[in-house]
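Below, each chain spelled out in residue letters.
There are 2 protein chains.
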Amino acid sequence: MFAIIVYDINVDRVAKILKISRKYFNWVQNSVFEGEITEAKLEKYKIEVKKIINTEEDSIIIYTFRDMKYSHRETLGKDKGGDNIFL
Amino acid sequence: MFAIIVYDINVDRVAKILKISRKYFNWVQNSVFEGEITEAKLEKYKIEVKKIINTEEDSIIIYTFRDMKYSHRETLGKDKGGDNIFL
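These protein sequence lines are chains A and B, in that order.
All residue numbers for the first sequence refer to the working numbering, where the first residue is 114 and numbers rise by one.
All residue numbers for the second sequence refer to the working numbering, where the first residue is 114 and numbers rise by one.
Derived by calculation from the structure, the hints in this document are not laboratory data.
Among the hints, a few may not be true.
[Claimed, not checked] Calculated cross-link-like contacts (lysine-lysine; reagent style DSBU-like; alpha-carbon spacing at most 35 angstroms):
| # | chain 1 | residue 1 | chain 2 | residue 2 |
| --- | --- | --- | --- | --- |
| 1 | A | K159 | B | K132 |
| 2 | B | K159 | B | K193 |
| 3 | A | K157 | B | K164 |
| 4 | A | K154 | A | K129 |
| 5 | A | K129 | B | K154 |
| 6 | A | K182 | B | K193 |
| 7 | B | K182 | A | K159 |
| 8 | B | K193 | A | K159 |
| 9 | B | K157 | B | K182 |
| 10 | B | K132 | B | K164 |
| 11 | B | K159 | A | K182 |
| 12 | A | K157 | B | K191 |
| 13 | B | K191 | A | K182 |
| 14 | A | K157 | A | K132 |
| 15 | B | K129 | B | K159 |
| 16 | A | K132 | A | K182 |
| 17 | B | K164 | B | K191 |
| 18 | A | K159 | A | K191 |
| 19 | A | K164 | A | K182 |
| 20 | A | K159 | B | K164 |
| 21 | B | K157 | A | K163 |
| 22 | B | K136 | B | K157 |
| 23 | A | K129 | A | K157 |
| 24 | A | K129 | A | K182 |
| 25 | B | K154 | B | K191 |
| 26 | A | K129 | B | K157 |
| 27 | A | K182 | B | K132 |
| 28 | A | K159 | B | K136 |
| 29 | B | K164 | A | K154 |
| 30 | B | K193 | B | K157 |
| 31 | B | K164 | A | K163 |
So here's chain A without its partners, still in its complex pose (with noise of 0.2 angstroms):
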């Protein structure tokens, strides 16, 4: 399946995240994170964060999605992403 990561984590544990979240995904732009993963493999990143954030602070959404054949990403402004490998 297809996952898109979004967070929000106090600055004392961002970095922590980013690294573990580059294991798995690409990085699309500061707090952002695409690509496909498996199920099991999704269930392995969100034990490695739920270690590392603060429930009361710090906030990930994870979307995923069976399909993405009609998606479509845009970016207005600057394009801030480091590897952009979207369909």
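With chain A held as given, fit chain B onto it using these hints.
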């Protein structure tokens, strides 16, 4: 169609972008919005925000989807969202 908006905007302009985004979408988390929207309204949104953003500094990512039937959203940590109307 369904759209997910993620933005990274300089603090000088973020309030304006937030205000415009709220007219068209539901607020999910700090800089994330989503919602059903027509192509015509999305074009209007783009025109409005393009007038505000500094293309050297700011970035708005717009994901659009024809079909959200096989999609899912999950939040780890704090649910910072305002309007929660996801499928």
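Check your understanding: Taken at face value, is the distance from the CA of K182 of chain A to the CA of K159 of chain B at most 35 angstroms?
Key -> 23 angstroms, holds
Point to revise | Given pair status - K182 of chain A, K129 of chain A, alpha carbons within 35 angstroms | key: 32 angstroms, holds
**Study point:** Holds or violated: K182 of chain B to K159 of chain A, with C-alpha atoms at most 35 angstroms apart
**Key:** 23 angstroms, holds
Exercise for review: Sort out whether K193 of chain B lies within 35 angstroms of K159 of chain B, counting only the CA atoms.
Suggested key: 25 angstroms, holds
Check your understanding: Does K157 of chain A lie within 35 angstroms of K129 of chain A when you go C-alpha to C-alpha?
Key -> At roughly 15 angstroms apart (the allowed maximum being 35 angstroms), K157 of chain A and K129 of chain A satisfy the hint.
Check your understanding: Within a Cα-Cα threshold of 35 angstroms, do K157 of chain A and K191 of chain B meet the stated pairing?
Key -> 20 angstroms, holds
Practice item. Compare the distance between the alpha carbons of K164 of chain B and K163 of chain A with 35 angstroms, and conclude whether the hinted pair is satisfied. Key: 39 angstroms, violated
Review point. Does K157 of chain B lie within 35 angstroms of K193 of chain B when you go C-alpha to C-alpha?
Key: Given pair K193 of chain B, K157 of chain B holds - Cα atoms ~27 angstroms apart, limit 35 angstroms.
**Study point:** K154 of chain A paired with K129 of chain A [C-alpha distance capped at 35 angstroms]
**Key:** 18 angstroms, holds
Exercise for review: Could you grab the alpha-carbon distance between K129 of chain A and K154 of chain B and see if it respects the 35 angstroms cut-off?
Suggested key: It is violated: about 38 angstroms lies between the C-alpha atoms, which goes past 35 angstroms.
Check your understanding: When you check the alpha-carbon spacing of K159 of chain A and K132 of chain B, does it fall within 35 angstroms?
Key -> Within the cut-off at roughly 32 angstroms; holds.
Review point. Has the given pair, K164 of chain A with K182 of chain A, been kept, meaning a C-alpha gap of at most 35 angstroms?
Key: The hint holds at about 34 angstroms.
Consistency with the previously given hints fails for numbers 3, 5, 20, 21, 26, 29 and 31, ordered from lowest to highest.
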